[in-house]
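> Going down the list, the protein sequences come from chains A, B, C and D.
Residue numbering for the first sequence is 2 to 261, as defined by our numbering.
Residue numbering for the second sequence is 2 to 261, as defined by our numbering.
Residue numbering for the third sequence is 2 to 261, as defined by our numbering.
Residue numbering for the fourth sequence is 2 to 261, as defined by our numbering.
Please keep in mind that the hints were generated in silico from the structure rather than gathered at the bench.
What you are looking at is a predicted structure, and each value in this text was computed from that prediction instead of being measured.
Same chains, same names: a pair is fine if it fits in one copy or spans any two.
Subject to a maximum C-alpha distance of 20 Å in a straight line, what follows is the list of computed EDC-like cross-link-like pairs (lysine to aspartate or glutamate):
| no. | residue 1 | residue 2 |
| --- | --- | --- |
| 1 | K248 | E148 |
| 2 | K74 | E257 |
| 3 | K74 | D27 |
| 4 | K248 | E19 |
| 5 | K244 | E148 |
| 6 | K74 | D51 |
| 7 | K74 | E54 |
| 8 | K74 | E17 |
| 9 | K74 | E19 |
Number of protein chains: 4
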Amino acid sequence: MAIRTLVWNEFVHERENEVVRKIYPDGIHAVIAAALAGEADMDVATATLDQPEHGLSRARLNATDVLLWWGHKVHGEVSDAVVERVADRVHQGMGLIVLHSGHFAKIFKRLMGTPCSLRWREAGERERLWAINRSHPIVQGVGPSIELPNAEMYGEPFLVPEPMETVFISWFEGGEVLRSGLTYQRGAGRIFYFRPGHETYPIYHNPEIQTVLRNAVRWAYNPIGWPEVAAAPNVPVERAPEKIEAKGAALHQAGEAGYR
Amino acid sequence: MAIRTLVWNEFVHERENEVVRKIYPDGIHAVIAAALAGEADMDVATATLDQPEHGLSRARLNATDVLLWWGHKVHGEVSDAVVERVADRVHQGMGLIVLHSGHFAKIFKRLMGTPCSLRWREAGERERLWAINRSHPIVQGVGPSIELPNAEMYGEPFLVPEPMETVFISWFEGGEVLRSGLTYQRGAGRIFYFRPGHETYPIYHNPEIQTVLRNAVRWAYNPIGWPEVAAAPNVPVERAPEKIEAKGAALHQAGEAGYR
Amino acid sequence: MAIRTLVWNEFVHERENEVVRKIYPDGIHAVIAAALAGEADMDVATATLDQPEHGLSRARLNATDVLLWWGHKVHGEVSDAVVERVADRVHQGMGLIVLHSGHFAKIFKRLMGTPCSLRWREAGERERLWAINRSHPIVQGVGPSIELPNAEMYGEPFLVPEPMETVFISWFEGGEVLRSGLTYQRGAGRIFYFRPGHETYPIYHNPEIQTVLRNAVRWAYNPIGWPEVAAAPNVPVERAPEKIEAKGAALHQAGEAGYR
Amino acid sequence: MAIRTLVWNEFVHERENEVVRKIYPDGIHAVIAAALAGEADMDVATATLDQPEHGLSRARLNATDVLLWWGHKVHGEVSDAVVERVADRVHQGMGLIVLHSGHFAKIFKRLMGTPCSLRWREAGERERLWAINRSHPIVQGVGPSIELPNAEMYGEPFLVPEPMETVFISWFEGGEVLRSGLTYQRGAGRIFYFRPGHETYPIYHNPEIQTVLRNAVRWAYNPIGWPEVAAAPNVPVERAPEKIEAKGAALHQAGEAGYR
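Generate the whole structure from the sequences, applying the supplied hints.
Structure (structure tokens):
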């Protein structure tokens, strides 16, 4: 069964900015979706901020295996209810790939629990992403490093938790570095942050970047869902694995739900 | 300089429930504060939900080095603004010790990014906490394990991120286990989750539990603050560490702040 | 292509001890191999200590994708050269599953860098392994926990590095706990330590344990080899990604290998 | 009580190479020791390869809290017995700071369990080490980054396990990056790998590098020793925390030691 992949885009800069429109006339999501759509093991669709519920209804999310997230200018316009819904689905097993300026997306900050801040400079400088583990599935099909002639700089300190794996580290012409490919597991969901993508450069047209995105979708796909991941079931005394008898005082009546 | 330690309590069950009141007539916070107050290197105060801003004004938090958090019945009554404020201070370096039912406190879920769910049973059964690393500062002064004659059971799966360190694992009479002492770093802040504490048993009167709390305050104290942890400063071309010249198109005007 | 799976056994207790022989008349390796052999995606073979090079020649290891390791009584008789050879292959991408008493095998200590010590008791007590992440591939097809009526106890502290993931934690009837399923990545190789298996009980005949072993083989299989993982190539000035000129004094002549 | 700090050096290049001798006429260890010796909380001594037992007798190691390790040309001449002895002491709680080319020292490979390989170039290029967490004790007293005008390049992939914390990442003029400050915990011992130090440049005379070394000694110091860290004690049935009775067959006689 194919990986049901959804590419989400706030879709603002492509409409407002002439430079961005020339590079992504149909939106960044269209180019990313096209890069994935040729794969036999992926069913690819897109969604944008201006759709009802931002195109992220519960039904749609339940039918999504991996979500790619692009946002930059209007993070604040994403509804908190949708953010919680996406977070729930990640905990239940949906993969999430957060792109570039998405480091400040509500959903990324929600899942990281940290400020996700970093230093930045928009100077079109050269970036080189080094693969840290050549055997990682996300770096297959690209060389020891990926070179981008023009990129926005993001520099350390990058305020995220220590990752499960550091997959890429970027070198910048102007003298900075960034951990630019990072993996996390949150509940049943796998998360990959991938830095490249500033919209005034044709980064998602780059074949190596497209290869990484395809790899990342496959890596983030967890076929094993966990719908009840957030449940906090009571295990009554009579169903305890070992035979015990209740002792002492209790706050709860039998069968009562716990506090949240 | 002493560690400015603040013990926070929602302070509800002690007022409503006769069993709890007998064990903690002045509130759980009072017993915990007393356990810490004798230490020469700690300045100890308390705060409760019913105070203005829950006793957690920005000024108060700025003057706090380590915060201990007790909540159980009314997590939902803690204001979201205060939760964000506490999270900010943790990122800036304030230590946080989350106790027992605080696994479902807004502030803990906010910092973990996961559901923080678990299985539970209130049967007064025996618990034994095993120290995983005998050389960890948090387990000093107690034996290889701590035995509690009566405890509420919390069982795996416990939906938190993989910790920096697993400090304690609990064995329960009824057959379950839990990772019951876990450390995390988020920004400049150190976080310790410590499971014991159900309020119908005199757990915070236990000398070994008190020893762990004292150790945990010292461990969580980071004397190095990072007030600007959430800033995302622009580094203009002329201040790049290496001499570069701006190339290509740009979204931002010089001096403009980035998007959030 | 099938996963080339090799089950290694020191094969001593089954020959010397009447109790063990009755449970494993053809050796523990035979029962484990049979549990894997029915899988369409696995090619299963066995090797034992008494074979030339312990059945682990370089050619054989090069043709192995996942190695399962059983040893208990004669860890010291495994040749150091073979241990280094196995470690090399793990770094290059061969998966390794270390079983039960293999916690003290030379190869496990070699890859962990720690004493791998733990507390133990041989009393035939009940063990219950709790799955920590219900969405992990290794725990599929078994319930929330696996119960073994008779097991040797292994108790914390277990002196291994913090794992990538804690997959199982064991509860023991006698009151102890152990992190009994742990994952590690070392170079390109994935390592899974799995505790159950004491040879005086029919543990590898247990269908749930067999399911875990099959899952673990698939999890540990990394199709992406990294043969040159231990190389330390010189990158001469003229092949530096950025154009630079050599400055200052040097220890090495051009083209010289580095020190090891 | 002062931190008993021992600076170890193979002390070869300073004797054989004119360039190195000019920078470190009394040896690299002498300069590092001098950088530490002024601190009120440190007792500093040195040891070298050519001394009996390389200056690392068991008595000496038992009286050492933190060991700094410099080696480059003759890693192979360090006796395996001494390496095991140092590893034992790290497990028991001695801190270890591994410098520069020590990535290939036997003791570092022993504790990491990986090849510790990397790419390299000796061209005197510029290096800039970025602090990843500004609140980490190891980076106090230095700026957001440390700049070295001339350095040997070490480039990713660096074949070590995922660290507890990435403390520094280096940018190199020639286009590479390296995780150049990494922390690990192994048993009771804290380990810090710190990259700078090529001996044809005066790197250990740099005040910022000296500040990091002083910080690292304090960070690596664990006042809590664990002498019996490698013991594997039997817990007989009658001393089990819970009352149980032995069931089933056993390999071991009562009181017998376990296999190793």
